Amino acid sequence: MTPLTILNNQPGGVPPKAKDRVFDRKGKKPELYYRDQLFELEEKGELIIHRIGEEQDAVEIETKYGRKKKVPRNMTWHHKSCGQCGHIPGYSTAIFWLLRELGYTYHDPRDQTSCTAWNYYASATSNPAAQAAVALRNFAQAYEDGFYPIIHCGTSYGHYKEVREELIHHPKLRDQTKRVMDKLGKPMVFPEEVVHYSEWVHVMRDAIAERQTLDFKDITVTVHPACHYHKLVVEDAVYDKELYDGQRTAVVSALVKALGANLADYSTWHDCCGFGFRHILVSRDFSRSFATIRKIERMKEEANPDVTLTHDTGCVTTLDKSQFAAKAHGRNVGIPVMSDAQFAALAMGAHPYKICQLHWHGVDMRPLMEKMGIDHETAWAEFEEVAAKVKSGEIEYMSWEDC
Amino acid sequence: MDAIYADSQFQDVPYEEKKKLFDQVAGDMRYESMLYGCYECGICTAACPSARFYDFSPRVFAQVMAREDVHTFYELLNESVWDCSQCFSCLRCPRQNNPGGIITIMREVAVNNGLQSAKDALQAYSRIIYKIMSTGTQVAPDMLQPDFFPDWGPDVVQVSKNLDVWRRAIPPETMHTTELAWDVSEKTRMELYLIWKLTGNLEMIEQIDEGLFMILEEVMEELLEEHGYDIDDIDSVIDD
Ligand code: SF4
Ligand code: SF4
Chain A
1 MTPLTILNNQ PGGVPPKAKD RVFDRKGKKP ELYYRDQLFE LEEKGELIIH RIGEEQDAVE
61 IETKYGRKKK VPRNMTWHHK SCGQCGHIPG YSTAIFWLLR ELGYTYHDPR DQTSCTAWNY
121 YASATSNPAA QAAVALRNFA QAYEDGFYPI IHCGTSYGHY KEVREELIHH PKLRDQTKRV
181 MDKLGKPMVF PEEVVHYSEW VHVMRDAIAE RQTLDFKDIT VTVHPACHYH KLVVEDAVYD
241 KELYDGQRTA VVSALVKALG ANLADYSTWH DCCGFGFRHI LVSRDFSRSF ATIRKIERMK
301 EEANPDVTLT HDTGCVTTLD KSQFAAKAHG RNVGIPVMSD AQFAALAMGA HPYKICQLHW
361 HGVDMRPLME KMGIDHETAW AEFEEVAAKV KSGEIEYMSW EDC
Chain B
1 MDAIYADSQF QDVPYEEKKK LFDQVAGDMR YESMLYGCYE CGICTAACPS ARFYDFSPRV
61 FAQVMAREDV HTFYELLNES VWDCSQCFSC LRCPRQNNPG GIITIMREVA VNNGLQSAKD
121 ALQAYSRIIY KIMSTGTQVA PDMLQPDFFP DWGPDVVQVS KNLDVWRRAI PPETMHTTEL
181 AWDVSEKTRM ELYLIWKLTG NLEMIEQIDE GLFMILEEVM EELLEEHGYD IDDIDSVIDD
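Residue numbers (the numbering used here), protein chains in the order written: chain A, 1 to 403; chain B, 1 to 240.
Chain A extracted, bound-state conformation (with noise of 0.2 Å):
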């Protein structure tokens, strides 16, 4: 049989193995560039654009189109998620872990409100406007605080590129922002870039490596890309030609290829993780089903993983969450899940209760720890000691020092 002429500009129309496929950005780059048109802005006066100085020690690598992106290192400010921070405490502890260990300085303020995105996603309870001005309000404090904002959540990341394009695009909404801003007494300020955390870790990920203290070589991992990091105004986001050749975000998975892990791939990477914002809160069996039936037991039945990494807030949530409940029904699941900083910690030895607070999450992490080589028992009753000590008042936080 003649085989099929499938377009692939091969001479006989054979299609090449995947592994000889040879993906280029061919695509035309967008002729209308974020930078460019932010900085038209400020020459006409109508913001300031918050610059990466010196002081942040920033990184250049490539972003979907092959244009360079600054990842500042240094004098962070942190713009907290409030489901990390919430629920996966663990999270943002491993972020302010690494960023310690790594000797950077940073800002945790409590001058920060969320994206409050939920609100806008889950049940549009809010317009442009109130969601520009909550993003320029943490903006232009992050930029009175002398420190560049980072942004933990991926929905926060997504939507304040959203805010970008919007106050681009429409004078009307500048206008009405900036009236806003007046009442408030602060700045219009945009940052150059939109910055994610885990643009942070991929950028510190040989660094990371260094300072690796536990063998990740037995262990197995599958990546969840986050829907609000690469599908929502997708120019931002982290690529690498040395990744899946540059089809597919290089975050997370870069760092999982740094530790010596064993990076394995599924067929439904591409799928969102079911978290749906109302569903989540009010129709769970979707989220549930969807979690369970498109990723977990698809990630299980093809690439059997030790653990599934991501690197937003509700995708560890609905991940980890929906296993339970699929569990008592026979399903195959039993997956852990966590975040690329929880892992990254991990590896740099840091304590899985007291810094990963890794008992925040709902799958079983033992049989993950005990192949890592970490003594959980001792680790917990390490946690045990010092929670004690908050609860007979003895101290009242645990604080980095007990860690």
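Think of the hints as simulated: they come from the structure by calculation, not from any bench. From a predicted model like this one, the values you see are computed outputs, not experimental measurements. Glycine residues also receive a C-beta, built at the ideal position from the N, C-alpha and C atoms. Check each hint, because a few of them may be wrong.
[Said to hold, decoys possible] Quick look at which bits of chain B chain A covers, simulated, 3 or more residues with Cβ under 8 Å: (1) 41–52; (2) 115–128; (3) 144–153.
[To be verified] Listed next, the stretches of chain B that the computed footprint assigns to chain A, with coverage defined by at least 3 CB atoms under 8 Å from CB atoms of chain A: (4) 15–27; (5) 97–108; (6) 157–165; (7) 201–215.
With chain A held as given, fit chain B with the ligands onto it using these hints.
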């Protein structure tokens, strides 16, 4: 009504009312960058998580809006608009459409007009809206209650039993909280309340849940007064 709509729902709603809401969606400033025509290729639907579990299709949203089919628009507005997961997988569209974004606008129009279907969809949602608007953070540790998340397993029971101690056994100081995800300063909350008033966001809540609106207004009024603002003197900047 045209013959093809003879069996459509909401026949009791006048065409003019449906058209008014359609125009509000199409007139939104975000809309012009969300729909450029549709190939009917279905790539968006193939990528869509909600399409796998509901009678739901982002392609239908794109086509109905492109055809200006106000009757089917009104059906979508009252039903499947709330099934979307807002994941934006549909941005894979080769036409560069954004069906998920169209849905965001449609939901806002449903809320702004106080549609009963929107009230029903958001019925169990009031405490979330309250938390966000009153504190500036949404996912609070004290939400982790076994009766709210019975399907999340025994770790929720453990967290809720040990909540106070476990929250204080986290090193970053801003996270020693149980009612908020982190400690938000009073000044920042006050600025947030000004934003809700100045952008007409508080009034949106009145359309959907009057009781919640009254509680929120009271909380905001108190803090704003402490900082020298009279809530009744703060006019929205977007009325024009
Ligand atoms: S944003 Fe909505 S319509 Fe688009 S893919 Fe996600 S669930 Fe489907
Ligand atoms: S992917 Fe785009 S062009 Fe194709 S059906 Fe969906 S909206 Fe239409």
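- Query: For the region 41–52 of chain B, do three or more residues have a beta carbon lying closer than 8 Å to a beta carbon of chain A?
  - Reply: holds (count 4)
- Message: Just to make sure I understand the rule, a stretch counts as covered if three or more of its residues have a C-beta closer than 8 Å to a C-beta of the chain. Does the region 144–153 of chain B meet that for chain A?
- Response: It holds, with 5 qualifying residues against the three required.
- Stated coverage of the region 15–27 of chain B by chain A [criterion: 3+ residues, CB within 8 Å]: Coverage by chain A is violated for the region 15–27 of chain B (0 residues, Cβ < 8 Å).
- Outcome, coverage hint (the region 201–215 of chain B, chain A; C-beta under 8 Å; three residues): Result for this restraint: holds, n = 4.
- Check of the region 115–128 of chain B against chain A for coverage (Cβ-Cβ below 8 Å, three residues minimum): The restraint on the region 115–128 of chain B holds, since 6 of its residues have a Cβ under 8 Å from chain A and three suffice.
- Query: Against chain A, does the region 97–108 of chain B show at least 3 residues with beta-carbon separation below 8 Å?
  - Reply: Coverage by chain A holds for the region 97–108 of chain B (3 residues, Cβ < 8 Å).
- Item | Per-stretch coverage check for the region 157–165 of chain B, three Cβ contacts closer than 8 Å to chain A | holds (count 4)
The structure shown violates just one earlier hint, number 4.
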